[in-house]
Amino acid sequence: MTASSTTPSVDPLITGVPSGSSGRGLGTLPRTALTAIAPAVWGTTYVVTTELLPPGHPVFAALLRALPAGLIALAVTRTLPRGSWWGKAAVLGVLNIGLFLPLLFTAAERLPGGVAGTLAAAQPMIVAVLAVAVLRQRLSGRRLLWGLVGVLGIGLVVIGPSAALDVVGVAAGLGSAATMALGITLAKRWGRPEGASPLALTGWQLTSGGLFLLPLTFLLEGAPPAVDGRAALGYLWLGLIGGLLTYALWFQGITSLPVTNVAVLGLLSPLVAALLGAMVLDQTLGPVQLVGFALALASIVAGQLPDRRPAPARS
10 MTASSTTPSV DPLITGVPSG SSGRGLGTLP RTALTAIAPA VWGTTYVVTT
60 ELLPPGHPVF AALLRALPAG LIALAVTRTL PRGSWWGKAA VLGVLNIGLF
110 LPLLFTAAER LPGGVAGTLA AAQPMIVAVL AVAVLRQRLS GRRLLWGLVG
160 VLGIGLVVIG PSAALDVVGV AAGLGSAATM ALGITLAKRW GRPEGASPLA
210 LTGWQLTSGG LFLLPLTFLL EGAPPAVDGR AALGYLWLGL IGGLLTYALW
260 FQGITSLPVT NVAVLGLLSP LVAALLGAMV LDQTLGPVQL VGFALALASI
310 VAGQLPDRRP APARS
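So for the sequence shown, my numbering puts the first residue at 10; every next one is plus one.
Treat each hint with caution, since some may be false.
Per label pair, the in silico range of CB-to-CB distance [as the list claims (entries may be wrong)]: (1) Val143 <-> Arg91: 17 to 25 Å; (2) Val141 <-> Ala303: 28 to 36 Å; (3) Phe227 <-> Leu80: 32 to 40 Å; (4) Ala142 <-> Pro234: 35 to 43 Å; (5) Arg91 <-> Leu153: 35 to 43 Å; (6) Arg87 <-> Ala142: 20 to 28 Å; (7) Gly204 <-> Arg145: 35 to 43 Å; (8) Glu203 <-> Ala84: 33 to 41 Å.
I should point out that these hints are in silico values taken from the structure, not numbers from a laboratory. We put the beta carbon where it would ideally sit given N, CA and C, even for glycine.
Full structure from sequences and hints, please.
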(Lines of atoms letter the chains of each structure in order from A and count residues from 1; the text may use other names and numbers.)
(Lines give C-alpha, C1' and ligand atoms only; values in the text may rest on other atoms or scores of the structure.)
Protein backbone atom coordinates (compact mmCIF):
# COMPACT_ATOMS: atom_id res chain seq x y z
CA MET A 1 0.00 0.00 0.00
CA THR A 2 2.37 2.68 -1.25
CA ALA A 3 2.05 5.49 -3.72
CA SER A 4 3.09 4.64 -7.26
CA SER A 5 5.96 6.41 -8.96
CA THR A 6 3.95 8.13 -11.67
CA THR A 7 1.00 10.50 -11.60
CA PRO A 8 -2.02 9.35 -13.64
CA SER A 9 -2.96 11.49 -16.59
CA VAL A 10 -6.67 11.35 -15.76
CA ASP A 11 -8.10 11.76 -12.29
CA PRO A 12 -10.32 8.75 -11.54
CA LEU A 13 -13.01 10.85 -9.86
CA ILE A 14 -13.23 13.31 -12.77
CA THR A 15 -13.58 11.09 -15.79
CA GLY A 16 -12.80 12.76 -19.06
CA VAL A 17 -11.04 15.79 -17.56
CA PRO A 18 -7.26 15.34 -17.77
CA SER A 19 -5.42 16.26 -14.61
CA GLY A 20 -3.12 18.57 -16.49
CA SER A 21 -5.85 20.60 -18.18
CA SER A 22 -9.10 22.32 -17.35
CA GLY A 23 -11.12 21.38 -20.39
CA ARG A 24 -10.71 22.46 -23.99
CA GLY A 25 -12.21 25.80 -24.85
CA LEU A 26 -13.90 26.22 -21.48
CA GLY A 27 -10.98 27.36 -19.34
CA THR A 28 -11.43 26.40 -15.71
CA LEU A 29 -15.22 26.14 -15.90
CA PRO A 30 -15.48 22.30 -15.82
CA ARG A 31 -13.09 22.05 -12.89
CA THR A 32 -14.86 24.88 -11.06
CA ALA A 33 -18.28 23.29 -11.61
CA LEU A 34 -17.10 19.97 -10.19
CA THR A 35 -15.49 21.67 -7.20
CA ALA A 36 -18.70 23.64 -6.55
CA ILE A 37 -20.59 20.37 -6.03
CA ALA A 38 -18.83 19.97 -2.68
CA PRO A 39 -20.05 23.14 -0.89
CA ALA A 40 -23.46 22.74 -2.51
CA VAL A 41 -23.83 19.26 -0.99
CA TRP A 42 -22.47 20.53 2.33
CA GLY A 43 -25.42 22.93 2.34
CA THR A 44 -27.64 19.92 3.12
CA THR A 45 -25.88 19.42 6.47
CA TYR A 46 -28.21 21.73 8.42
CA VAL A 47 -31.41 20.00 7.27
CA VAL A 48 -29.94 16.53 7.76
CA THR A 49 -28.62 17.43 11.22
CA THR A 50 -31.84 18.99 12.49
CA GLU A 51 -34.27 16.53 10.90
CA LEU A 52 -32.47 13.17 11.08
CA LEU A 53 -29.64 13.16 13.63
CA PRO A 54 -29.95 12.92 17.44
CA PRO A 55 -29.33 16.35 18.99
CA GLY A 56 -26.48 17.28 21.29
CA HIS A 57 -23.74 15.14 19.72
CA PRO A 58 -21.81 17.37 17.27
CA VAL A 59 -18.44 15.64 17.80
CA PHE A 60 -19.99 12.20 17.30
CA ALA A 61 -21.59 13.42 14.08
CA ALA A 62 -18.22 14.74 12.90
CA LEU A 63 -16.56 11.42 13.78
CA LEU A 64 -19.06 9.35 11.78
CA ARG A 65 -18.75 11.78 8.89
CA ALA A 66 -14.97 11.38 8.73
CA LEU A 67 -13.51 8.10 10.00
CA PRO A 68 -15.62 5.45 8.19
CA ALA A 69 -15.36 7.36 4.90
CA GLY A 70 -11.59 7.72 5.34
CA LEU A 71 -11.13 4.00 5.98
CA ILE A 72 -13.21 3.19 2.90
CA ALA A 73 -11.00 5.48 0.79
CA LEU A 74 -7.84 3.81 2.14
CA ALA A 75 -9.25 0.36 1.37
CA VAL A 76 -10.18 1.38 -2.19
CA THR A 77 -6.99 3.22 -3.12
CA ARG A 78 -4.55 1.04 -1.13
CA THR A 79 -2.20 4.02 -1.00
CA LEU A 80 -0.48 5.34 2.12
CA PRO A 81 1.51 8.54 2.57
CA ARG A 82 5.27 8.48 2.22
CA GLY A 83 7.99 10.56 3.83
CA SER A 84 6.94 14.03 4.92
CA TRP A 85 3.38 13.41 3.77
CA TRP A 86 2.65 11.48 6.96
CA GLY A 87 2.97 14.74 8.87
CA LYS A 88 1.34 16.87 6.17
CA ALA A 89 -1.67 14.56 5.91
CA ALA A 90 -2.07 14.65 9.69
CA VAL A 91 -1.96 18.46 9.78
CA LEU A 92 -4.43 18.81 6.90
CA GLY A 93 -6.71 16.19 8.43
CA VAL A 94 -6.84 17.98 11.77
CA LEU A 95 -7.47 21.39 10.18
CA ASN A 96 -9.93 20.40 7.43
CA ILE A 97 -11.70 17.63 9.33
CA GLY A 98 -10.77 17.13 12.99
CA LEU A 99 -11.20 20.74 14.10
CA PHE A 100 -13.43 22.14 11.36
CA LEU A 101 -16.32 19.67 11.59
CA PRO A 102 -16.99 19.75 15.37
CA LEU A 103 -16.63 23.54 15.40
CA LEU A 104 -19.07 23.74 12.50
CA PHE A 105 -21.63 21.46 14.17
CA THR A 106 -21.24 23.34 17.46
CA ALA A 107 -21.82 26.71 15.78
CA ALA A 108 -24.86 25.35 13.94
CA GLU A 109 -26.40 24.11 17.19
CA ARG A 110 -25.69 27.24 19.29
CA LEU A 111 -26.35 30.02 16.74
CA PRO A 112 -29.95 30.22 15.55
CA GLY A 113 -31.01 32.30 12.62
CA GLY A 114 -28.11 31.40 10.34
CA VAL A 115 -25.47 33.42 12.18
CA ALA A 116 -23.14 30.42 11.80
CA GLY A 117 -23.48 30.61 8.03
CA THR A 118 -22.53 34.28 8.06
CA LEU A 119 -19.44 33.63 10.16
CA ALA A 120 -18.42 30.80 7.83
CA ALA A 121 -18.81 33.17 4.89
CA ALA A 122 -15.77 35.08 6.16
CA GLN A 123 -13.58 32.20 5.02
CA PRO A 124 -12.73 33.65 1.56
CA MET A 125 -11.39 36.84 3.15
CA ILE A 126 -9.28 34.82 5.59
CA VAL A 127 -7.90 32.79 2.69
CA ALA A 128 -7.08 35.98 0.76
CA VAL A 129 -4.99 37.18 3.72
CA LEU A 130 -3.35 33.80 4.34
CA ALA A 131 -2.41 33.56 0.66
CA VAL A 132 -0.12 36.55 1.20
CA ALA A 133 1.69 35.00 4.16
CA VAL A 134 1.72 31.33 3.09
CA LEU A 135 1.66 31.42 -0.72
CA ARG A 136 3.49 34.76 -1.16
CA GLN A 137 0.71 36.15 -3.32
CA ARG A 138 -0.10 39.83 -3.69
CA LEU A 139 -3.01 40.94 -1.53
CA SER A 140 -5.99 41.53 -3.80
CA GLY A 141 -8.21 44.38 -2.68
CA ARG A 142 -10.79 43.36 -5.26
CA ARG A 143 -11.11 39.89 -3.77
CA LEU A 144 -11.35 41.28 -0.25
CA LEU A 145 -14.10 43.63 -1.38
CA TRP A 146 -16.08 40.89 -3.08
CA GLY A 147 -15.53 38.69 -0.02
CA LEU A 148 -17.14 41.40 2.11
CA VAL A 149 -20.02 41.57 -0.38
CA GLY A 150 -20.42 37.80 -0.03
CA VAL A 151 -20.58 38.04 3.77
CA LEU A 152 -23.18 40.81 3.48
CA GLY A 153 -25.22 38.75 1.03
CA ILE A 154 -25.17 35.64 3.22
CA GLY A 155 -26.09 37.77 6.22
CA LEU A 156 -29.16 39.12 4.43
CA VAL A 157 -30.18 35.61 3.40
CA VAL A 158 -29.86 33.74 6.67
CA ILE A 159 -29.98 36.19 9.58
CA GLY A 160 -33.50 36.90 10.75
CA PRO A 161 -34.75 39.47 13.27
CA SER A 162 -34.77 36.81 16.01
CA ALA A 163 -31.13 35.83 15.53
CA ALA A 164 -29.23 35.67 18.81
CA LEU A 165 -25.52 35.70 19.55
CA ASP A 166 -23.88 33.10 21.76
CA VAL A 167 -20.24 33.58 22.78
CA VAL A 168 -19.32 29.92 22.43
CA GLY A 169 -21.21 29.66 19.15
CA VAL A 170 -19.57 32.75 17.69
CA ALA A 171 -16.12 31.48 18.72
CA ALA A 172 -16.89 28.10 17.16
CA GLY A 173 -18.12 29.71 13.93
CA LEU A 174 -15.06 31.91 13.56
CA GLY A 175 -12.83 29.00 14.52
CA SER A 176 -14.35 26.76 11.85
CA ALA A 177 -13.81 29.43 9.20
CA ALA A 178 -10.21 30.00 10.29
CA THR A 179 -9.23 26.32 10.49
CA MET A 180 -10.71 25.51 7.08
CA ALA A 181 -9.10 28.61 5.56
CA LEU A 182 -5.68 27.57 6.88
CA GLY A 183 -6.27 24.00 5.72
CA ILE A 184 -7.18 25.17 2.22
CA THR A 185 -4.12 27.41 2.00
CA LEU A 186 -1.70 24.72 3.21
CA ALA A 187 -3.27 22.16 0.87
CA LYS A 188 -2.63 24.55 -2.00
CA ARG A 189 0.96 25.13 -0.90
CA TRP A 190 1.77 21.42 -0.52
CA GLY A 191 -0.22 20.23 -3.55
CA ARG A 192 -0.72 16.50 -4.11
CA PRO A 193 2.15 14.01 -3.94
CA GLU A 194 3.14 12.17 -7.08
CA GLY A 195 1.26 8.92 -7.50
CA ALA A 196 -1.55 9.79 -5.08
CA SER A 197 -5.05 10.20 -6.48
CA PRO A 198 -7.54 12.77 -5.15
CA LEU A 199 -9.38 9.92 -3.44
CA ALA A 200 -6.19 8.78 -1.69
CA LEU A 201 -5.42 12.30 -0.46
CA THR A 202 -9.01 12.57 0.77
CA GLY A 203 -8.72 9.25 2.58
CA TRP A 204 -5.56 10.34 4.39
CA GLN A 205 -7.22 13.51 5.67
CA LEU A 206 -10.54 11.92 6.62
CA THR A 207 -8.76 9.11 8.46
CA SER A 208 -6.33 11.34 10.35
CA GLY A 209 -9.12 13.78 11.19
CA GLY A 210 -11.35 10.92 12.33
CA LEU A 211 -8.61 9.44 14.53
CA PHE A 212 -8.15 12.89 16.07
CA LEU A 213 -11.89 13.01 16.81
CA LEU A 214 -12.14 9.48 18.22
CA PRO A 215 -10.87 10.17 21.77
CA LEU A 216 -12.47 13.63 21.84
CA THR A 217 -15.87 12.12 21.16
CA PHE A 218 -15.82 9.95 24.28
CA LEU A 219 -14.13 12.60 26.43
CA LEU A 220 -16.58 15.38 25.53
CA GLU A 221 -19.81 13.50 24.85
CA GLY A 222 -19.49 10.14 26.59
CA ALA A 223 -21.40 7.18 25.21
CA PRO A 224 -22.74 7.55 21.65
CA PRO A 225 -26.46 8.19 21.19
CA ALA A 226 -28.97 5.62 20.03
CA VAL A 227 -29.02 5.45 16.22
CA ASP A 228 -32.36 4.61 14.62
CA GLY A 229 -33.12 4.21 10.94
CA ARG A 230 -33.49 7.94 10.28
CA ALA A 231 -30.22 8.74 12.02
CA ALA A 232 -28.41 5.95 10.15
CA LEU A 233 -29.64 7.40 6.86
CA GLY A 234 -28.41 10.84 7.89
CA TYR A 235 -24.98 9.56 8.93
CA LEU A 236 -24.64 7.62 5.67
CA TRP A 237 -25.45 10.74 3.65
CA LEU A 238 -23.01 12.90 5.61
CA GLY A 239 -20.26 10.28 5.49
CA LEU A 240 -20.40 8.90 1.96
CA ILE A 241 -21.82 11.80 -0.06
CA GLY A 242 -21.09 14.79 2.19
CA GLY A 243 -17.71 13.37 3.19
CA LEU A 244 -15.98 10.94 0.86
CA LEU A 245 -17.26 12.11 -2.53
CA THR A 246 -17.40 15.85 -1.91
CA TYR A 247 -14.05 16.13 -0.15
CA ALA A 248 -12.39 14.31 -3.05
CA LEU A 249 -13.84 16.89 -5.45
CA TRP A 250 -12.95 19.72 -3.06
CA PHE A 251 -9.30 18.76 -2.60
CA GLN A 252 -8.93 18.14 -6.34
CA GLY A 253 -10.22 21.66 -6.94
CA ILE A 254 -7.76 23.11 -4.42
CA THR A 255 -4.80 21.55 -6.23
CA SER A 256 -5.92 22.61 -9.72
CA LEU A 257 -7.58 26.04 -9.21
CA PRO A 258 -6.46 29.32 -7.59
CA VAL A 259 -7.00 29.01 -3.87
CA THR A 260 -9.05 32.20 -3.59
CA ASN A 261 -11.37 30.98 -6.37
CA VAL A 262 -12.03 27.77 -4.47
CA ALA A 263 -12.57 29.50 -1.13
CA VAL A 264 -15.34 31.76 -2.41
CA LEU A 265 -17.26 28.70 -3.63
CA GLY A 266 -17.91 27.95 0.04
CA LEU A 267 -20.64 30.62 -0.05
CA LEU A 268 -22.78 28.06 -1.86
CA SER A 269 -23.27 26.10 1.40
CA PRO A 270 -25.43 28.66 3.27
CA LEU A 271 -27.29 29.47 0.04
CA VAL A 272 -28.25 25.83 -0.50
CA ALA A 273 -29.11 25.54 3.20
CA ALA A 274 -31.47 28.51 2.87
CA LEU A 275 -33.12 27.05 -0.23
CA LEU A 276 -33.64 23.70 1.49
CA GLY A 277 -35.02 25.49 4.52
CA ALA A 278 -37.63 27.15 2.29
CA MET A 279 -38.53 23.93 0.48
CA VAL A 280 -38.33 21.39 3.32
CA LEU A 281 -38.84 23.37 6.53
CA ASP A 282 -41.37 25.90 5.16
CA GLN A 283 -39.08 28.83 5.89
CA THR A 284 -39.80 31.98 3.91
CA LEU A 285 -37.53 33.93 1.58
CA GLY A 286 -38.61 37.55 1.32
CA PRO A 287 -37.28 40.45 -0.76
CA VAL A 288 -34.36 41.03 1.61
CA GLN A 289 -33.29 37.41 1.31
CA LEU A 290 -33.52 37.56 -2.49
CA VAL A 291 -31.26 40.63 -2.51
CA GLY A 292 -28.83 38.72 -0.34
CA PHE A 293 -28.93 35.81 -2.78
CA ALA A 294 -28.07 38.14 -5.63
CA LEU A 295 -25.14 39.67 -3.73
CA ALA A 296 -23.76 36.27 -2.69
CA LEU A 297 -24.03 34.87 -6.22
CA ALA A 298 -22.34 37.99 -7.60
CA SER A 299 -19.51 37.47 -5.12
CA ILE A 300 -19.11 33.84 -6.22
CA VAL A 301 -19.00 34.77 -9.90
CA ALA A 302 -16.63 37.68 -9.32
CA GLY A 303 -14.38 35.39 -7.30
CA GLN A 304 -13.84 33.22 -10.38
CA LEU A 305 -12.67 36.10 -12.57
CA PRO A 306 -8.91 36.54 -12.94
CA ASP A 307 -7.22 39.64 -11.63
CA ARG A 308 -6.58 42.34 -14.20
CA ARG A 309 -2.89 41.85 -13.79
CA PRO A 310 -1.06 38.75 -12.52
CA ALA A 311 -0.13 38.63 -8.87
CA PRO A 312 3.68 38.21 -8.82
CA ALA A 313 5.27 36.13 -6.10
CA ARG A 314 7.06 38.08 -3.41
CA SER A 315 10.73 37.34 -2.93
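**OP:** With 20 to 28 Å as the target window, see if Arg87 and Ala142 comply at their CB atoms.
**Re:** At roughly 36 Å between Cβ atoms, Ala142 and Arg87 fall outside 20 to 28 Å, so the hint is violated.
Subject >> Ala303 and Val141 - C-beta distance against the hinted 28 to 36 Å >> reply: At 29 Å between Cβs, range holds.
Original post:
Do the beta carbons of Val143 and Arg91 sit within 17 to 25 Å of each other?
Top reply: Hint holds: Cβ distance 23 Å, inside 17 to 25 Å.
Original post:
Does the Cβ-Cβ separation between Glu203 and Ala84 fall within 33 to 41 Å?
Top reply: With a Cβ separation near 22 Å, Glu203 and Ala84 fall outside 33 to 41 Å, so the hint is violated.
Original post:
How does the Cβ-Cβ distance of Phe227 and Leu80 compare with 32 to 40 Å: does it lie in that range?
Top reply: The hinted range 32 to 40 Å is violated for Phe227 and Leu80, with Cβ atoms some 18 Å apart.
Original post:
Does the Cβ pair Arg91, Leu153 satisfy 35 to 43 Å?
Top reply: Cβ of Arg91 to Cβ of Leu153: about 38 Å, so the range 35 to 43 Å holds.
Subject >> Pairwise beta carbon distance, Gly204 to Arg145, judged against the given window 35 to 43 Å >> reply: Distance hint for Gly204, Arg145 is violated at roughly 27 Å.
Original post:
When you take the CB atoms of Ala142 and Pro234, is the distance between them in 35 to 43 Å?
Top reply: Taking Cβ atoms as reference, Ala142 and Pro234 lie about 41 Å apart, which means the hint holds.
Checked against the numbered hints given earlier, this structure breaks hints 3, 6, 7, 8; the rest are met.
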